[in-house]
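Colleague: Take these sequences, add in the hints, and give me the full structure.
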Amino acid sequence: MYMRKIPAALLILAFLAGCSGARKSGGAANSGKNTRVETSGATPPAFALPGVPMKSDLPIAGVEEKTSETPAAPAPEAAPAEVKPEEAKPPAAAADTSGELDFHLAAAGKYAARKKYRSAAAEYGAALGFLPAGDARAVRLLERQGAMLLRAGDAPRAGEHFLSAIKKAEELKTSGKELADSYLGLGYCMEKAKRIPDAINSYEKALEFSGSKKIKARIAKTISDLKSLPK
-7 MYMRKIPAAL
3 LILAFLAGCS
13 GARKSGGAAN
23 SGKNTRVETS
33 GATPPAFALP
43 GVPMKSDLPI
53 AGVEEKTSET
63 PAAPAPEAAP
73 AEVKPEEAKP
83 PAAAADTSGE
93 LDFHLAAAGK
103 YAARKKYRSA
113 AAEYGAALGF
123 LPAGDARAVR
133 LLERQGAMLL
143 RAGDAPRAGE
153 HFLSAIKKAE
163 ELKTSGKELA
173 DSYLGLGYCM
183 EKAKRIPDAI
193 NSYEKALEFS
203 GSKKIKARIA
213 KTISDLKSLP
223 K
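Numbering follows the working numbering, with no gaps: position 143 of the sequence shown is 135.
Don't read these hints as lab results, they were simulated from the structure. We put the CB at the ideal spot given by N, CA and C, even for glycine. It is possible that part of the hints are untrue.
Straight-line distance between alpha carbons at most 25 Å, and here's what the computed PhoX-like set of lysine-lysine pairs gives [stated by the list, open to error]:
| no. | residue 1 | residue 2 |
| --- | --- | --- |
| 1 | 165 | 186 |
| 2 | 184 | 206 |
| 3 | 219 | 208 |
| 4 | 205 | 165 |
| 5 | 169 | 223 |
| 6 | 165 | 184 |
| 7 | 206 | 223 |
| 8 | 184 | 223 |
| 9 | 159 | 184 |
Cβ pair distances, simulated, as ranges [to be verified]:
| no. | residue 1 | residue 2 | range |
| --- | --- | --- | --- |
| 10 | 164 | 196 | 21 to 31 Å |
| 11 | 101 | 145 | 19 to 29 Å |
| 12 | 220 | 125 | 15 to 25 Å |
Modeller: And the structure:
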């Protein structure tokens, strides 16, 4: 009987101890809850993900943070540059064309030596473009053009160049062998065209400007022969 009462007393003591422990644990829980409220944000609740702020910690929408910095004033616009009228540029110096001139003259000589007379005439014509204005050598180049075309068998065109050479000589008021050769070539073209009076007139001019006695003798003989032809 005595043994049965002892376990009953132990059970009562154990029950009372359990209730006391429950009250203590409940008080501790309440104390912890108050600590969570007082220290909001110190430790995230169990349902918050690590690194993700709670809604209460986010800034209020529509409220912008103000900075203490004052916005810089815009830089003043630069004054427009003064527009000045363009100054007149000095005329460019005349290009040195001696190289081109010599090139075409050399080419003309090479073509003539190979009996490519039309090509030679073209080169003499190209050389004309590199002569300065008023250069008396233009008479010689025009005469050479006519001579090359005459050798190529183109007497009509050759006559045109001989006539151009004569007019150029009159323009530049020059005379000499070039003018004599131009009249001689024109006379031959007129003779080929059966224009005997014009041929005689040109030959007589060639005789006047020629300085070679041998050439003069030949021209005089030609004039005499043409005059002796039956009319």
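Colleague: For every hint, state whether the structure bears it out.
Modeller: Structure-based check of all given hints:
no. : hint                     : result
1   : 165 with 186             : violated, 30 Å
2   : 184 with 206             : holds, 23 Å
3   : 219 with 208             : holds, 17 Å
4   : 205 with 165             : holds, 24 Å
5   : 169 with 223             : violated, 32 Å
6   : 165 with 184             : violated, 29 Å
7   : 206 with 223             : violated, 29 Å
8   : 184 with 223             : holds, 16 Å
9   : 159 with 184             : holds, 21 Å
10  : 164 with 196: 21 to 31 Å : holds, 22 Å
11  : 101 with 145: 19 to 29 Å : holds, 20 Å
12  : 220 with 125: 15 to 25 Å : violated, 45 Å
Violated hints, listed in ascending order, are 1, 5, 6, 7 and 12; each of the other numbered hints is respected by the structure.
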